[in-house]
Amino acid sequence: MRGRVGKPCPMDLATFLIQCLNALQYGLLLFLVASGLTLIFGIMGVINLAHGSFYMIGAYMAYALAPIVGSTFGGGFFATLFVGLVLSVILGYVLEWVFFSYLYEREHLQQVLMTYGLILVFEELRSLIVGDDVHGVQPPPWLSGTLALGEVMTYPVYRLFISAVCIALALGMYAVLTRTRLGMMIRAGSANREMVQSLGIDISFLYRVVFAAGVAIAVMAGMLAAPVSSVYPGMGNSVLIVCFVVVVIGGIGSIRGALLAAMLIGIVDTFGKVFVPQAAGVGVYLLMALILLWRPQGLFKAA
Amino acid sequence: MTPRFMALATAAACAAALALPAAAQNTAKLKVGLMLPYTGTFAALGTAIENGFKLHVAEQGGKLGGREIEFFKVDDESDPSKATDNVNKLIKRDNVDVIVGTVHSGVAMAMAKVAKDSGTLLIVPNAGADAITGPMCAKNIFRTSFSNWQPGYATGVVAAQKGYKRAMTITWNYAAGTETVKGFTEAFEKGGGKVIKDLALPFPNVEFQALLTEIAAQKPDVVFAFFAGGGAVKFVKDYDAAGLRKTVPLMGSGFLTDGTLEAQGPAAQGLITSLHYADNIDTPRNQAFRKAYALSYKANADVYAVQGYDAAQLLASGLTAVKGDASKRDDLILAMKKTIINSPRGKLAMSNTHNPVQDFYIREAKGVNNESVGVAVKALADPGRGCKM
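Protein chains in written order, with my numbering: chain A, 956 to 1258; chain B, 683 to 1071.
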């Protein structure tokens, strides 16, 4: 393309504030998508490439379950969300039991191989069950309005709702992991599995629960994001890499770090797109490289 | 034996080996290799193209130009890194006479390179990369779909005619996007408009909010967008949710609303796009095609099915001219180049660089159909820049 894009673009204060809102909102959305990975990869230490698939499964659940839930329980967005969460906890529990429980002691390469295999299996199942078409999901009516920002632009209420959910989720995860007995056991398990086991804690069961929670959060992220992202084949793969970037920048195992990293990526990506559109894709990875040069452990070490 | 004698003897043996089957070829089946995506994001497109191709073969009683057809299929997975191996499977293992493929431009470029080197006849039924009928063009490479430049250019003509002066463009930063935008810019600025800014985001990123804010701040007269599939659905919905539809009209290459209208819902209603096919072209030819397609495959025909169908028609016209004798390559290629295809989309000719010369329709999204509301440009030909044939 031509050189037009290189010229500095004028930005008034209102526009700047809206862009800040965009950055914040995108950052929170990223955190929502990456938070399940923080739990599974960050805290349990399993490299889970299938994380994107769980996100994809969530989005497809939002699309496919809505009519079924609607005819059985009288419908409603939250009823669908609830049914999806129950199913995803079961899915996560079974997956951990059948596959992942054999992986903790193994090398990372084997984890990568198996979770990559799961991606292929989930994509193929998705293709067989729902097909390869693109679908849209409607937000609930009471959230489908828009707010006026300035003269030209309006902002969908649903996006703000997602942001609120993200903040609640971040606070909740932080509180459980750092302030409760359960969180203490989980952190202890990630530091030294055998020691925790010898203290009489059923670590296998504990991890099964944490894994199921990680899957459930990823599925919930997919279900919540479906109305704004639409539902399409391969959607999981597109979020997978940025999720890993969030966890790595934030510091493996740190909820605070993941939240901060997601916000930073939101800012870099948003303003990068506006000011240097041709290099927008590089910005996020440049940020990661710089932060890892400065702090190889990421922003925060695990608490 | 001297090396020179060896070479001569080998050449003679080859000639003999080639001559024998050539004589018998009119009775043997013509081998057609279908290299299309049967899995992954583009699976539905690959299936539509194959269905369209086979529909025409079936209409001709299982033959093209009097020759029975034998199909060889390879799933290209839309993976450019496997493309060369895959196309060589068809050429070297299956010895196909013709290759039809594919959807993904990167894969199609690799196919074009192999076809150019090996001389195998290649018909591209979708991939729009300008280079295939530009710098990479060859005698034995044909396309029955479009070049990326074409729908962009046609939309640019319409935008200028509507009297818009300041435009912004937005797309993914990859070949199909930038080539389409270039076509738009060329026509729009020729028509007296000015593109004030090109917005781009990396493929397949779908976080548009920052760029929508930028559009709202600049307030152009019109926005031209190129997106497809899931990205198109999200962009159109986000554009609407940002309240921009009311103030800044959105136009696009036809792929913005093709196969996506159901998912886009009310956000896409009334969108103006341009493409070489529309759902409601009211000609007996198109009606008959759509009816036959629906009967055979229990699905509605789309632009991809049409492109596959026309690939078969193009091949048939060449084979008919040589009475099914594919060994008369020069005559076959000349006939394919000279033919006028009676396509469901309208009349279709081949340009000097073997890209379709075709009408581009102005289409308006109504319900789940893209309905033609006029012709943007009649008989639009790609300039075929960089082609030396």
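Mixed in with the good hints, there may be bad ones.
[Said to hold, decoys possible] Which residues of chain B face chain A? A few of them, derived with a C-beta cut under 10 Å, are:
1) 763
2) 888
3) 951
[As the list claims (entries may be wrong)] Far from chain A, some chain B residues (derived; all Cβ distances over 12 Å):
4) 820
5) 898
6) 947
7) 1009
8) 1041
9) 1065
Everything labelled a hint here was simulated from the structure, so no lab data went into it.
Note that the Cβ used here is the ideal one computed from N, Cα and C, for glycine as well.
Hint check against the structure, violated hint numbers in rising order: 1, 3, 5 and 6
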